[in-house]
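A.B. asks: So the chains spell out like this:
Protein chains: 2
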Amino acid sequence: MAPAETPLRGPVPSLPKGFRVSGLHAGLKRNPTREDISLIVSDRPATAAGVYTQNLVFAAPVAFDRARTPGTGFRGIIVNSGNANACTGTQGETDTAAMAHVTAEAIGGLESSVLVMSTGIIGEFLPMETIENGIRTVADQLADNEESVLRAARGFMTTDTRPKLTGVTFGKTPEGGTYQMLGMAKGAAMIGPKLATMLGLIITDAAITPDDAQRLLHQAADLTFNCVSVDGHMSTNDTVLLLANGAAGEEPLAGKDLEAFESALKNACDVLAHEIADDGEGATHVIRIEVTGAESREDARKVARAVADSPLVKTAIAGADPNWGRIVSAAGYAEVSFDPGRLTLRVNGIELFKNASPVGFDAKKASQSIRESRETLIEIDLGDGPGEIRFYTSDLTAEYVRLNADYHT
Amino acid sequence: MAPAETPLRGPVPSLPKGFRVSGLHAGLKRNPTREDISLIVSDRPATAAGVYTQNLVFAAPVAFDRARTPGTGFRGIIVNSGNANACTGTQGETDTAAMAHVTAEAIGGLESSVLVMSTGIIGEFLPMETIENGIRTVADQLADNEESVLRAARGFMTTDTRPKLTGVTFGKTPEGGTYQMLGMAKGAAMIGPKLATMLGLIITDAAITPDDAQRLLHQAADLTFNCVSVDGHMSTNDTVLLLANGAAGEEPLAGKDLEAFESALKNACDVLAHEIADDGEGATHVIRIEVTGAESREDARKVARAVADSPLVKTAIAGADPNWGRIVSAAGYAEVSFDPGRLTLRVNGIELFKNASPVGFDAKKASQSIRESRETLIEIDLGDGPGEIRFYTSDLTAEYVRLNADYHT
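These protein sequence lines map, in sequence, to chains P and R. Each step along the first sequence adds one to the number in the working numbering, with nothing skipped, and position 141 is 300. Each step along the second sequence adds one to the number in the working numbering, with nothing skipped, and position 352 is 511.
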């Protein structure tokens, strides 16, 4: 049984200008109340950029989108959940192309104007008749209201307990308003950098050149989605797409507006990355790991990731146990060179370890601070250099095991 | 609460000539029926070799032994469980030296003839009065019978559910008999190469040069203890020591006898490594991963380790789910270059994946074969080169989470 679904946190963000979206239950998921097809359409040709899984084993839609981005002239993104179309050979490639073809027909665009995202079970062929019927129907339901945004976000979900949506405004349009950006994502397990097992989509009514779109998306994802791990398992389908249609201003962003875009994009990706860790399967805590004082950002990331992926650290947090020995020893095997004598560790602001020795601390108070907060902050200062990173993960509970021992059969 | 304890599998192996051992409850563990100090003594000076954790954060006894091996003239090994003496600064170093000093006095040897191993909780100072009293008492109880061997093996244990012992005979002594080798080990969590979180000790009545001892121990550990992962968390205390006293033949082994020793040593380490995975905390399956067709052994090891450390693979096996997608995708992110189109995957002999596509297989039969056997065999052929490895891990159950969310507090 899937976990109980909880509503979106906060209000539904507004759809950027010139977009219409929808989602519906086509029949890929067993539960008829769960959307499994989403369609995002731009009324005008948009610039698209993408970042993708680095797994050697990648799904057909990843290959399809990767070959087409960055670029211009995009009109639609068709998404299905419940089936990843991964490890499906040439049949999988044919099916992805068919999804793009049917979507293009339904929205009156060129086949080359459609990108495809799939998520769900690996290694099963897509039920194409179900999907094609779903695409034609969802194309008839496109709208720009809150309900359709929610439906579209829900169509991304697999074991997520809630839709993940964020809205940001930035810069100044030629008409004196602000540009809008909306992000939606899914992901709750098979989450390991680089990227998380996730789909993400950022749409905006600003215009941006393909080169800027690709560069800034890559940079934002590197600092956000590449710093999330639920279980360290890198997926076959990770995809984040950015679609910028220029409906609020046709001139590509430059100068201050481009900087505002960069900052908004990073912000949107960060909110979604945090949401993914927070919704980690079975999670009772989201863990924020801040590593500073490393020789480089990559060293900081390696240390953060070793800590984030240690089942012993994750179970300790689940048990509200300020077990700094597990954290320090995980840092020690990150294959990064540092002097353990200069490492300082704080959990929720309480110093636990310094000068290679235990620090006298109030274990009850530290445990209570973990137990009483949804978020646990682990700060590791290596005392060495300027490299730093912020990384999100979730704790490991018996519920994660239950969900994943039952998922397939 | 610690898990129920189960007895040793199989008979207690014989102690090699010239050794006496014992173990007792000194008071480090709460449960008075659990041994927490073990002493292994050779009646004559022995050659010692050691392999150790590669964690930057290593315990005081690791530093102590590493500085002294390989070498000759060793008489005793003192072991405590319940406290790792790790992250304990200079006090930890003083305490380790004191353990060696008190042991040397008690057995009538030089302080430099004693090596030390500790395992248990990280970051607490050793209760030295308890330990010193324990050392003096255990030295009075040394014997060469089955009971004392069992007690010594039990003194290594932390969350292990059973002592881990193995005996091997090999070669031909000058008197026409065979040499004996006995191995004992502990380890059930914080088990990630390189080495597992483990202590291991191999003793033999053969004589061997320090160089041969070190080279062959390193080689055997690389193929066995470095191919075990329970949770991927590399410990601060991993130590495997080899002690060879020449009581059955004073001339260092050479030629065929040295080859027989090499093979016996590898065999003993392999049995103990398998035992550690099999006793993984909360495990219901031991998983044997055989990777072949890699470009090199290191590539094969990386693929095996990625599969072994994936919580999604481990929970699938716990759930008797032949979820090959999780296995293939884990191989895909191992940071090894291979062609997924040439990968073949078999689980318990049943082919599940080939030519980058799902193979039609009887999922019920495959699930049943996992459910009905304690051991699951995962065979991955990358179809590329001569590199191969055999790797052990355990499945991931809710019981692992329960044990580790409760361990410290």
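Source of the hints: derived by calculation from the structure; they are not laboratory data. Warning: the hint list may mix true and false statements.
Treat identical chains as interchangeable: a pair holds within one or across any two.
Said to hold, decoys possible - In silico DMTMM-like pairs for lysine to aspartate or glutamate, Cα to Cα no more than 20 Å straight-line:
#1 415 x 371
#2 461 x 494
#3 461 x 521
#4 513 x 252
#5 331 x 534
#6 425 x 437
#7 513 x 534
#8 461 x 498
#9 523 x 283
#10 513 x 418
A.B. asks: Which of the numbered hints are not met once you compare them with the structure shown?
C.D. replies: 3, 5, 7 and 10
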